[in-house]
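Novice: Please put together the full structure from these sequences, using the hints given.
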Amino acid sequence: MTRQLRSPTTIAFVAVVALLVVLPAIGSSFFVNFIMTRTLILGLAAATIVFLSAYGGMVSLAQLMLFGTAGFMFGNAVLEASPRGLNLGWAPWTAVVFALAVATAIAFLLGALSSRTTGIYFLMLTLVYAVIGYNVFAQVVPISGPSGITRITPPPPITQATHLYYAALLLSIGGYVVLKLVARTPFGLALQGVRDDPVRMASLGFRVPLHRALAFTLAGFIAGVAGLLNVWWNGQIDPASIGISPTLVLLIVAVIGGISHLEGAWLGAFVYVAANSYLRALPFVDRIGITEDRFNTVIGALVLLIMVLSPEGLSGVIQRLSNEGRRRFSRFSSRDGTGRVDTSGDDAGESPVVMIDSSTSPPTEERK
Amino acid sequence: MKQAKTSGRRLVASSLFALALIVAACADDDADAPPGLDDSEDAVDDVDDADDADDDVDVADDGDDEVRLGILGQCEGPFGGFHEDTVAGVALALVNHAGATVPSDDTALDGWEGAEVNGTPIELVGVGCGDDTPDRILAEVRQLVEQNDANVVIGPLSGDEGIAVAEYALQNPDVTFLSGIAGSQEPTLEVQAPNFFRFHGEGAIWNAGLGDILHNQEGWETAAVIADDYSFGHTSTAGFVAEFCGVGGEVTSRVFPPLGTTDYSSYIAQLPDPDEVDGYFWAVGGTGTQAALEAFVDAKGDLTGDQHAGNLFFNPDLAQALGPDIAGAYVGGFASPPGDVQMPAIDEYLASADETWDSLPTGIAGGERADASAAASFGFMYGYYSAGVALVDGLAETGGDPSPEPLQSALGGLSVELPYGDIALDDNRSGIVDVFISRLTVDDESGEVVQETVALIPEVDQTFGGTFGADTPAPSRDFPPCEERDLPWVGNAIPVEDGVPQQ
Amino acid sequence: MSTAVGQAPQAGDGTADSKRSVVYALPKAVAYAAAAFVVVWVLFIAGDSPAGPAVSNPGRFVVTLLDAITFAGLLFVVASGFTLIFGLMRTVNMAHGSLFLLAAFVAINVQHAMLGKSRNIVADEVGILDWVVPMLVGALVAACVGLILQQLFLRWNQGQELRQALITLAITVIMADQMLNHFGGLALRMTWPGSVTHFIEILGQRYATTRLFMLAVAVLVGALLWLWLNRTRMGLVIRAGVDDETMVRALGINITFVFAVTFFVGAFLAGIGGAMGASFAGAATGSDGDWLLNSLVVVIIGGLGSIKGAVAGSLLYGMVIAFAPAYLPSRYSFYAIILTFVLLAVVLAVRPYGLFGRPA
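Top to bottom, those sequences are chains P, L and E. Going by this note's numbering, the first sequence opens with residue 357, and the numbers climb by one from there. Going by this note's numbering, the second sequence opens with residue -16, and the numbers climb by one from there. Going by this note's numbering, the third sequence opens with residue 713, and the numbers climb by one from there.
Errors might be hidden in some of the hints.
Calculated cross-link-like contacts (lysine to any residue; reagent style SDA-like; alpha-carbon spacing at most 20 Å) [stated by the list, open to error]: (1) L:K283 <-> E:L915; (2) L:K283 <-> L:P307; (3) L:K283 <-> E:T909; (4) P:K536 <-> P:I382; (5) E:K740 <-> L:P441; (6) E:K829 <-> L:K283; (7) L:K283 <-> E:T921; (8) E:K829 <-> L:D289; (9) L:K283 <-> E:A835; (10) L:K283 <-> E:V908; (11) E:K829 <-> L:N298; (12) L:K283 <-> E:V774; (13) E:K829 <-> E:V845; (14) L:K283 <-> E:V845; (15) E:K829 <-> L:A348; (16) L:K283 <-> E:R918.
If you want the ones that stay clear, here's a sample from chain E, every Cβ over 10 Å from chain L, calculated [claimed, not checked]: (17) A741; (18) A743; (19) V752; (20) G828; (21) I833; (22) Q863; (23) A935; (24) T944; (25) V949; (26) T958; (27) T968; (28) A1034; (29) A1057; (30) P1064.
The set of hints was computed from the structure by calculation and includes no laboratory data. All C-beta atoms in this analysis are idealised placements derived from N, C-alpha and C, irrespective of residue type, glycine included.
Specialist: The structure is reproduced here in structure tokens:
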């Protein structure tokens, strides 16, 4: 434990957190309250994708739907005289509990329903969940309708934008720590076992579907927390907030950062948000024929580049660079035709670098 | 050893992240924090922070000797093709009325130079790039206001975006907002932000006149409605229903297929048959306009034009594969009338567009290059043009003072002279506009279906004689109900013959 | 909590098995009961629904059924390419919708060029060639683009399913943006040939032959696909590859070439679907996502990689789309679209990999 406290990882972690804590004092209002708050919220939501993928072998596209569900539920519960929604007029913190309870319950139901599928099937199934979620909120007028719920404000102690920034920071750290810790519990270890070899785990007597469903529920809960932060920050939510394109954006955020590193989620969110805001201001972009109205092409190309170069995203690239520098001739060269990155150097319990391909097929069926 | 290596990588990762943060934060700090703009000034803050008043005065003192204009367009989504039109509309207004010149004759996105009203320069600080969703437009408007320090914003383009921007306006009273062409009722009727001005109509207004003509002139007693199941479909329907029922007609069925429907047959089947109803009102957009009409032909029989009416989606350019059977159908209005309307001010306006640009890539030509006047005659560019002219007029009224209070009170009292009809504002700062109703007819020479303007409905306001107000629900699948009511403009329609209003 | 979850069941094997079969039998029973209820509802009850029960309004029922089957034909053509590619290569081609839309736009433009006009096109002016040639050109363009994508981005990472899905996803984002740039945001439409645009009477209801033509094209495509897979050497190799790729390689067959051909054909099918979809429903920005989603729903119901599954999935999905708005009680008919979810839930509760699917 003491060794861990002094390890470079912890030092770096503390340094980043410290920087983020003092950021409002040195950054501009827009940078803190827009760029960074949004980064933290998106990062927390994307971290649930990373968690499910890295520890459970499930790449979920339903996280934004759960994120939005919490937001919609909060808006419905807390507002009193909004033109749309149920206008339940509950106390803000009751509404928070209610919103998280609904998001978690839906996550459990959906998780149970999809618990016998994995990998690519899971990806497609959760995409369908996402679309159904969009349709439910667009069609069921009493809880939202097409124009959504507006004029949502944060609950009492959060009255200023910087408060919201700190709330997002606190909950991001909390979410990160919880997800890391869960991975080390017997449940987390069993989950990783399920990821690697569900058949063997089942024959050992582990309830594979239950593990997956519970992991999905936990991820749904945390996505719900991020969703609450989001409606507080954004002030409104509508069905298009959880439509197919923001759903894909969240996955893209997770992919940019690296879909097997929890930290990567926030890194990816930062890159995405910053690119979205600052890329168009760069002087040279116009000259190479990319104006801000073709921003999606740039984002698409970025994701394509990352996926072509390193399926481990930016964290993978960084890791590879530092690796390369360290031991140029050694075992990193074992990246074979399947694009696997050798990770035998990793402490398995702490940093499970899941192969982007291995999560879907048992090792016996590996293609060469 | 292993531990150290792993940690090393993480260390590199974290430090890179931290470095990026610092660089970004500092760069942002230098570039975007103008003197006087307090860091704590932001949306959430403003709601209940009384101390902020001091800071706001600061802003007015140091910052506001120029108009820092932000434009909200759409570069993605269904209207992504119209991005250039939005900037072009504002630029043309400044060229025509504020002495601006454009740096490029084949794109509007480069903005303008030298715009000035009474010595106050109008600078373009940024163009927001929406994708037809409220979330995205909020991010864009925050960037324009909070990062680029815009003090006037023109936009957005579509209805749900309008609601979000009006809500944002409510929390940022020091920024003046002029709607681009957002066609929902709520931004003005319900949100009522004192700094949000709309110099154009909306979905319900644009269908005023149809009910009167169809019931009293064409003899429709009953009608069925089919519209997209989202706010613009609901609002268009609301305008039609309010007037058609208001003058004594009866709407017997309302069908709302969800957005993204591919097979309309099940929804068409829910409509009454042609012999059970006098006519149909359509407000289905996008791919749905033609798909739904074709499903109608498939199940109910050939189109007979005079049994149909539609909102602005019934445009012969959009309905390119319908064939001439649709001729005879009535079409609701939009911000600008069809091309056949002839007035000197219009010719002048269109000529000024062609003088300003050789050609523009415009959504109305499917993203191809077209004459600037083609874009200018369409409602999207015209809505932004109207907002631009209103801004110039407002500034002229204040003697060039762009600070929020004088500018906003000047804008509220304006009657803006515009090529397609002057526009004044109601108490909620929404336009009282003239609506042009047209009909699809077969052109004798070419045999093609064209749009012919038949009537001008003067001075339509968004309350529809009290049908809609701040206390009524937003238009929905069943609101407004079908009941008789008095509408101020019924009976005042001015016939239009060969493009000339018969005053 | 976690320990409880992780514990091995202490009961003997037999008990666990019987428990498990009970657990799995339950959803099955519920599914069958739900299906039976739906049939009874549509036939006899359907109170207050727009259509009314089938026994009292048989014409409407038959027409709705035909609507379901004809739309299912279009769904099948689009989804078959998706499932073919997955079946052999385990590639989930998220760019399938983009290829669909690309072919649609190309076909529309070719048709406009052949007719010499882009507005006020009447079906009578459209000869059968004015429809077939644009369709084939559009499909070929989609097939070639698909092949290029496969060769550039998918060839060398075969087997990494998620990586490939994400790569094709990125391609979708780029293609959607570029198509918006080149074809604009307006909805465009292809016109059916005049020779198939007629109407017939079915139990007193008017019915369009274009829908039957669409079904005929779908059946033709399905038949050709079946012949190709079952009566040619290439088809044999593909079917063998689906079952055991390693074995096929070991036999010295050039599977890389087979992969390329399969991807070409899959993208071609997306293109055929694109031209049909553009004639049936039009094409615009956003159609790509809609049709990717349609394909996904079909293959999730039917089972990924199975052509039989694509047929079954298309039919079931088409049924829900056609019947839900007509036979739900009127005040709930706005929720028809949500019923798709119920269908998925029922199917997945019984068969997690779809009706004809199997675990990877």
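Novice: Compare the distance between the alpha carbons of K283 of chain L and T921 of chain E with 20 Å, and conclude whether the hinted pair is satisfied.
Specialist: holds, 14 Å
Novice: For the pair we were handed, K740 of chain E and P441 of chain L, check the Cα-Cα distance against 20 Å.
Specialist: Violated, because 64 Å separates the two Cα atoms, which is more than 20 Å.
Novice: Evaluate the condition: distance from the CB of G828 of chain E to the nearest CB of chain L exceeds 10 Å.
Specialist: About 13 Å separates G828 of chain E from the closest Cβ of chain L, which puts it past 10 Å; holds.
Novice: Once the closest CB in chain L is found, is it more than 10 Å from T968 of chain E?
Specialist: Check passes; 35 Å lies beyond 10 Å.
Novice: Does V949 of chain E clear chain L by more than 10 Å, comparing its Cβ with all Cβ atoms of that chain?
Specialist: Holds: least Cβ distance 35 Å, greater than 10 Å.
Novice: Beyond 10 Å from every Cβ of chain L: is that where the Cβ of I833 of chain E lies?
Specialist: violated, 5 Å
Novice: Closest CB-CB distance from T958 of chain E to chain L, is it above 10 Å?
Specialist: holds, 34 Å
Novice: Does the claim that Q863 of chain E lies off the interface hold, with its Cβ farther than 10 Å from every Cβ of chain L?
Specialist: Holds, since 29 Å exceeds 10 Å.
Novice: Take the C-alpha atoms of K283 of chain L and T909 of chain E, compute the straight-line distance between them, and say whether it is at most 20 Å.
Specialist: Holds - the C-alpha atoms of T909 of chain E and K283 of chain L are around 14 Å apart, at most 20 Å.
Novice: May I ask you to check that A741 of chain E keeps its beta-carbon over 10 Å from the closest beta-carbon of chain L?
Specialist: holds, 30 Å
Novice: K536 of chain P and I382 of chain P: Cα distance at most 20 Å?
Specialist: violated, 30 Å
Novice: Need the status of pair K283 of chain L, L915 of chain E: alpha-carbon distance at most 20 Å?
Specialist: holds, 14 Å
Of the numbered hints listed earlier, those contradicted by the structure are 4, 5, 6, 8, 14, 21, 28.
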